[in-house]
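S.K.: What follows is the residue order along each chain.
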Amino acid sequence: MTAPVINTVTELDALESESIFVFREVAAEFERPVILFSGGKDSIVMLHLARKAFSPAGVPFTLLHVDTGHNFPEVLAYRDAVVEQLGLRLEVAKVEDYIADGRLRERTDGTRNQLQTIPLLDAINAHRFDAVFGGGRRDEERARAKERIFSLRDEFGQWDPRNQRPELWSLYNGRHRPGEHVRVFPLSNWTELDIWNYIEREQIPLPSIYYAHERDVFERDGMLLAVGPYSQPRDGETVARRTVRYRTVGDMSCTGAVASGATSAAEVVIEVAASEITERGATRADDRASEAAMEDRKREGYF
Amino acid sequence: MSTLLRLATAGSVDDGKSTLVGRLLHDCKAILADQIAHVKTVSEARGGDFDFALLTDGLRAEREQGITIDVAYRYFATEKRSFILADCPGHVQYTRNTVTGASTADVVIILVDARHGVLEQTRRHLAVAGLLRVPHVVLAVNKIDLVGYDEAVFTKIAKDVGEVADQLGIADLQAIPVSALVGDNVVEHSADTSWYDGPTLLEVLENANGRTDTSNQPLRFPVQYVIRPQTEEYRDYRGYTGTVASGTVTVGDPVIVLPAGRRTSIAGIDRPVVTATSTAVVERPSAIAGEAVTVRLADDIDVARGSVIVAAEHSPGTRRELAATISWLSDRPLTVGARVLIKHTTTTAQAIVTKITGALDLDTLGVIDAAELDLNDIGKVQLKIAAPLAADPYSSNAITGSFLLIDAHDGWTLAAGMIDDEEGELL
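From first to last, the protein sequence lines are chains G and X.
No gaps in the numbering here: position 43 of the first sequence is 43 in this note's numbering, and each next residue is one more.
No gaps in the numbering here: position 205 of the second sequence is 508 in this note's numbering, and each next residue is one more.
Bear in mind the hints are in silico, worked out from the structure with no lab data behind them.
For each residue, glycine too, the CB sits at the ideal point set by N, CA and C.
Do not rely on the hints blindly, as some may be mistaken.
[What the hints assert, rightly or not] Where chain X lies over chain G, by a calculated footprint (3+ residues, C-beta under 8 Å):
#1 48-62
#2 164-171
#3 257-266
[As the list claims (entries may be wrong)] Here are some of the chain X residues that sit facing chain G, going by a computed Cβ distance under 8 Å:
#4 Cys331
#5 Val402
#6 Trp498
#7 Gln527
#8 Thr580
#9 Asp602
#10 Ile604
#11 Val606
#12 Arg635
#13 Thr638
#14 Ser698
#15 Ile702
#16 Ala719
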């Protein structure tokens, strides 16, 4: 044996290896895994890591997008280009279809993030997906901070936060009964800053709305909402053309932009490091509904 | 380049653990304006002062009952390094969560209320830290302000805990007098504890070494998944993926593939190169413990998930019988003859518990006879396994030395297990 050397794996390398390990465990132990892919930065990083995990072979998973119908066109275009270039299979579950035939009703506020749960659970059942990769991170939100990396859902898709399996070392227990499935969160331990550092290091392309651009926006609840087909200013709200970018992408009607001049991942890293407000706090109206809004949605089977 | 330190907290109910975590995050500027506004609103709605615990107690039931139910993970960073904090509940019913948090921790912070001293829960948490061989233990003697910053109180508790830690073989213990509520010795040194000249909590965390670097130990590489692209470019490619559990894998190394025991050598180690449109690999000369890689072997032999590639001169061999120490995590007691599944590295196999040798008595820290193990018990068992396992003692390798016992019917994780070394010492 050679003389002892202290070898340190850096933070990003440690996180990358942990995520790759998770992807490989799922590929080996489940029959029908699927990656939830919205075209948002977290799902893009997730797909990048999955590709690394199985390189030089392709990703052995299907993609699933739960489409609110309130999409940023740039994000849909990105999604379709990725699927095309990599020869992946994409399933789309549309909230629009459910509203059209009456299985879901439009909410009074017009937002659709919360309407995604049932199309998601139906798609999981219809395709018999047994492992569902989500890009959720524990640093995002209080209820997500309690989530396991392998998180069991019962046959109704419900999460029981009071009765989670202990998760020890890197021995992930994916055992489940027929009808149950496991949500898997490979990015659990990544923070928003880690994600951006990694996007920069790996030169991962993103939809253009993540970088500074000019847009007509109006202010509501302290957020900058885009003027578009799904969100119009109400009386007293004034429209202004501002230089903005998005920290998250979701339902266009309730996802806010932030004022920003960052035009590259490196500039976003600097901005995120200095930010005094969290990612979801800055941009997601749906999380502000109550002090446990996310927990309630997650219990029902949300992402 | 910054490194990552993983820490876990443990304390009894009302020791002020959530307050300490909230204070640590707050004083490290890891709490942002909207989170503070949220806590303020909720605190005021309840007619109370700013409640730090609300920063971490995220679930409805936790807020209603004022207790922490499940492990919450928190992330913060200082100029020196990044931290992942597993905030583990104190209630005895949730001890399994302390085991969960401690299994990956580099540092465990154990809280004691200065007014109450060492409780049974403290001994239990120390036992868990010792059993799981967490490299560093910090004893935070909290609410020191409520005992008038009395040095004698602190010294007595530190001494009591030190004696327990010695019995448990905990080598690195640092006691700190703190007040989470006021902020004494959490991030800033306190003027009220001038008799204490040791480090603050944050100073300990910033300077602690991570888990012992295992890249100089013998190679262990559990195979997770076999890659066979069958594309034109990679027609005959056969790569074995996994994360190096210990040691360093280098091209040309002689290795043995267990359980079959076949000898071969490392023909190549591949690193993925992924661009927007292409997926390929490039060769690298070596990889160290903790890195997820793909290796190729010189000979075309039978290798699959569950195989473990090990250093040829330092093979652990395989075994179908194990003596181990387990932490029982289920409401249903364990009895002799129980049929379970064992998950060890990438192998899952049937197993039978052939003997319960004893259970840890938290009062004496000795092993006493036990006919069964109940929830939260730490016990010694013997197992017979349906497949040969390439296992090491936990004391020499936390990855090839650990396992889960799983209920084959409902999939519940029944126990966390650590394989004993030859002396069979409990801790």
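S.K.: If a hint holds in the structure, say so; if it does not, say that too.
M.R.: Structure-based check of each hint:
no.: 1; hint: 48-62; result: holds (count 9)
no.: 2; hint: 164-171; result: holds (count 8)
no.: 3; hint: 257-266; result: violated (count 0)
no.: 4; hint: Cys331; result: violated (13 Å)
no.: 5; hint: Val402; result: holds (6 Å)
no.: 6; hint: Trp498; result: violated (36 Å)
no.: 7; hint: Gln527; result: holds (4 Å)
no.: 8; hint: Thr580; result: holds (5 Å)
no.: 9; hint: Asp602; result: violated (21 Å)
no.: 10; hint: Ile604; result: violated (19 Å)
no.: 11; hint: Val606; result: violated (13 Å)
no.: 12; hint: Arg635; result: violated (14 Å)
no.: 13; hint: Thr638; result: violated (20 Å)
no.: 14; hint: Ser698; result: violated (15 Å)
no.: 15; hint: Ile702; result: holds (7 Å)
no.: 16; hint: Ala719; result: holds (5 Å)
The structure is inconsistent with the numbered hints 3, 4, 6, 9, 10, 11, 12, 13, 14, although it conforms to all the rest.
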